[in-house]
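Chains A and B, in that order, give the protein sequences.
First residue of the first sequence: 0, per numbering that gives the first Met the number 0; consecutive thereafter.
First residue of the second sequence: 0, per numbering that gives the first Met the number 0; consecutive thereafter.
Everything labelled a hint here was simulated from the structure, so no lab data went into it.
Treat the numbers as computed from the prediction; the structure is a model and nothing was measured.
Heads up, simulated BS3-like pairs for lysine-lysine below, C-alpha to C-alpha not over 30 Å straight-line: (1) A:154 - B:172; (2) B:501 - A:27; (3) B:487 - A:50; (4) A:154 - B:501; (5) B:234 - B:191; (6) B:392 - B:427; (7) B:177 - A:144.
What follows is each chain in one-letter form.
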Amino acid sequence: MTNIAIVNAHTHRDLQVKAKASPAFDAKHFVTVIVAEFPLLAVQCPILLSKDAETGAFVCGAVLGFTQNENLFLTPDGWQGYRPLTLQRGPFYTVGEDLAIDLDDARVGTDAGEPLFAPNGEMTPYLRGIINAMQELRPGLERTKRFIETLMNLKLIEPIDISLSFDDGSRHELANLYTIDREALRALPDAAVLDLFRRGYMQLIYLMIASLKHVPLMAERKNKQLSTGPAPAWG
Amino acid sequence: MDRPIQHIVIVGGGTAGWLTAGVIAARHKARMASGFKVTLVESPNVAIIGVGEGTWPTMRTTLEKMGVSETEFFRHCDTAFKQGGKFVGWTTGAPDDAYYHPLMLPHGWSQVNLVPHWLQDGRGRTFSAAVCPQEAICEEGLAPKTIATPEYRGLANYAYHLDAGKFASFMQKHCTEKLGVHHVLADVTEVKQDESGDITGLVTEQAGEITGDMFVDCTGFRALLIEKTLGVGFKDCRDVLFCDTALAIQVPHESDDAPMASQTIATAQSSGWIWDIALPTRRGLGYVYSSDHIDEEAARAELARYAGTQAEARKIPIRSGHREMFWKNNCVAVGLAAGFLEPLEASAIMLIELSAKIIADQLPARRSVMDVVARRFNEVTHYRWGRIIDFLKLHYVLTQRTDTAFWRDNVDPASTPERLQDLLRLWKYRAPWFLDEFDRLEEVFPAASYQYVLYGMGFRTEVDPVENSADALLASRIMEENAAMAQKMRANLPKNRDLVRKIRDHGMQSI
Numbered sequence: 000m001t002n003i004a005i006v007n008a009h010t011h012r013d014l015q016v017k018a019k020a021s022p023a024f025d026a027k028h029f030v031t032v033i034v035a036e037f038p039l040l041a042v043q044c045p046i047l048l049s050k051d052a053e054t055g056a057f058v059c060g061a062v063l064g065f066t067q068n069e070n071l072f073l074t075p076d077g078w079q080g081y082r083p084l085t086l087q088r089g090p091f092y093t094v095g096e097d098l099a100i101d102l103d104d105a106r107v108g109t110d111a112g113e114p115l116f117a118p119n120g121e122m123t124p125y126l127r128g129i130i131n132a133m134q135e136l137r138p139g140l141e142r143t144k145r146f147i148e149t150l151m152n153l154k155l156i157e158p159i160d161i162s163l164s165f166d167d168g169s170r171h172e173l174a175n176l177y178t179i180d181r182e183a184l185r186a187l188p189d190a191a192v193l194d195l196f197r198r199g200y201m202q203l204i205y206l207m208i209a210s211l212k213h214v215p216l217m218a219e220r221k222n223k224q225l226s227t228g229p230a231p232a233w234g
Numbered sequence: 000m001d002r003p004i005q006h007i008v009i010v011g012g013g014t015a016g017w018l019t020a021g022v023i024a025a026r027h028k029a030r031m032a033s034g035f036k037v038t039l040v041e042s043p044n045v046a047i048i049g050v051g052e053g054t055w056p057t058m059r060t061t062l063e064k065m066g067v068s069e070t071e072f073f074r075h076c077d078t079a080f081k082q083g084g085k086f087v088g089w090t091t092g093a094p095d096d097a098y099y100h101p102l103m104l105p106h107g108w109s110q111v112n113l114v115p116h117w118l119q120d121g122r123g124r125t126f127s128a129a130v131c132p133q134e135a136i137c138e139e140g141l142a143p144k145t146i147a148t149p150e151y152r153g154l155a156n157y158a159y160h161l162d163a164g165k166f167a168s169f170m171q172k173h174c175t176e177k178l179g180v181h182h183v184l185a186d187v188t189e190v191k192q193d194e195s196g197d198i199t200g201l202v203t204e205q206a207g208e209i210t211g212d213m214f215v216d217c218t219g220f221r222a223l224l225i226e227k228t229l230g231v232g233f234k235d236c237r238d239v240l241f242c243d244t245a246l247a248i249q250v251p252h253e254s255d256d257a258p259m260a261s262q263t264i265a266t267a268q269s270s271g272w273i274w275d276i277a278l279p280t281r282r283g284l285g286y287v288y289s290s291d292h293i294d295e296e297a298a299r300a301e302l303a304r305y306a307g308t309q310a311e312a313r314k315i316p317i318r319s320g321h322r323e324m325f326w327k328n329n330c331v332a333v334g335l336a337a338g339f340l341e342p343l344e345a346s347a348i349m350l351i352e353l354s355a356k357i358i359a360d361q362l363p364a365r366r367s368v369m370d371v372v373a374r375r376f377n378e379v380t381h382y383r384w385g386r387i388i389d390f391l392k393l394h395y396v397l398t399q400r401t402d403t404a405f406w407r408d409n410v411d412p413a414s415t416p417e418r419l420q421d422l423l424r425l426w427k428y429r430a431p432w433f434l435d436e437f438d439r440l441e442e443v444f445p446a447a448s449y450q451y452v453l454y455g456m457g458f459r460t461e462v463d464p465v466e467n468s469a470d471a472l473l474a475s476r477i478m479e480e481n482a483a484m485a486q487k488m489r490a491n492l493p494k495n496r497d498l499v500r501k502i503r504d505h506g507m508q509s510i
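Use the sequences and the hints to build the structure in full.
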């Protein structure tokens, strides 16, 4: 169940949120991201496109693992690297122009985690950070949609098959993933290239292409984990 | 007289006219800058018949090549998926008597003929279920793809059910706006010919005279050009296919979220059969019957019993058969003007596509070579009509029903074409497969289709277990693969009704 309420300094002055990454909420191998996050993500993991299961529409996403619910950035010591906004936001939503919180979310309570408000009633840095994230996320989704539409119109998207074998004999095929069609990119007329560049899309395109190199690097990390035995249990 | 063929004039604005216009215009688009022109003349006063609400998978390629968005096609033509035909009551008429003719080839089609292996040990599965996943998909009301599958691609092979009236309007818009087809709304009052018989122009009531180099007759049963002008006769095939009347009716779905079948259901009746085609908005039903075997009142009663409604059905007289010649002089007939067969295997629209494709691909450059193209077109088209008639008759000759004169008369050898009789004799000892009989490029039904009907209807081919043992392991493995594939598809495919709604709401991606 969800119980969404607009955040309010009076009613929610004692509320606390367990903001640290945890397997219960962050064990995801693919999360949707916005274009503003590309520079942060491109240095750590592949940025690809996938189709929303409900609508078939393309979304941009970060690949964090190779099997369902595997997240190689989530360790017993916490999140390693940049944590995408959609995970950072935790139990928060926006309703209209207001910030809202799901009071039934297991991370929300009054006894542990980050307080939303200081004893004097002021917003904590944590809450201000959430507000910043939400303010970036909403228009960011729109911008990302326009970027994807541009890629579609220029026929720059192509499917990519990622097939990996690991030392323990296991094989994984990642399906429903798409990337930039480099041949189509090279064949673009000058005017289209210039337009992509002026709109800042060319940089995004090259970040996506460069980020593909993280596929073998992440596979190597996973392979090391496999050979050093099972990951230590969560404390 | 020799002249370049630059202006194609199509008469008739139904499914045949617009599909032909679209296929020709798309194929020759580049030539339009140098004077090539396609004109479609349509009477503002003639209603289109709009038969044939089922297509073949060929329609996917036809539409894609014309640059039609599949999403728009779903949104504007009340389109739904079709994954084959389900034939109910054709063999014995018993309550559980049904079989499928799916659109996918048997699994491992080119590696091994599964028929003798299935006959020897079918493990209680129907033939179609043993060799193809589509029966299981259809029985569960599942779609052939997901919302993430790109336009025109399928996880299972598929065709369409559509509203033919809406389809003609949709194609009109696409042809005139995107493909440069000229549309003239006018009644033809006179057809002008030169001394050789070639049509030179159409005199119209509203738009003066329209001249052209080549004419396509899509005027339906009127056959204005091919028959009324050029005098080409009609070859009746009622001696083989008895049905001569259709009663058509539309009924609403039980509710907006009632399951929607993705197979055409053809249910045998006392003197013919009823089609049942589900669109998102309604079901289209029709009783195709032989008026020699049942009177109209009794036929109406049978349809009412099936439909569960007393609503008045529209009566459409039908005449099974085809032109003695399809292309004469500089005129070719496409659609109902070329002929008609009962819609048992949805051959009407498919034949339009095939004819339009040959016309477009082999469009004679000059009048002097047209007669050669015409002769070849006539040969191929004749062959195709003959094979379709054979294949439709196959559904009737295999019946074991003796309850009415209609079914008894249908197994009379005198009503079965000789070629089909020969094949039936051969098939007693060897099942049809791959390229052994149906090996021509212009073949319409592959041997697989004959397999589905033959073994769906309980035909027995003698099996030699010794001969079978050579590839028994391979056959067994392929049938197991098929079962696994069916299992996987059942787990992953959405409900047909849900997917069609999602496509209307969200659209499909082009990749």
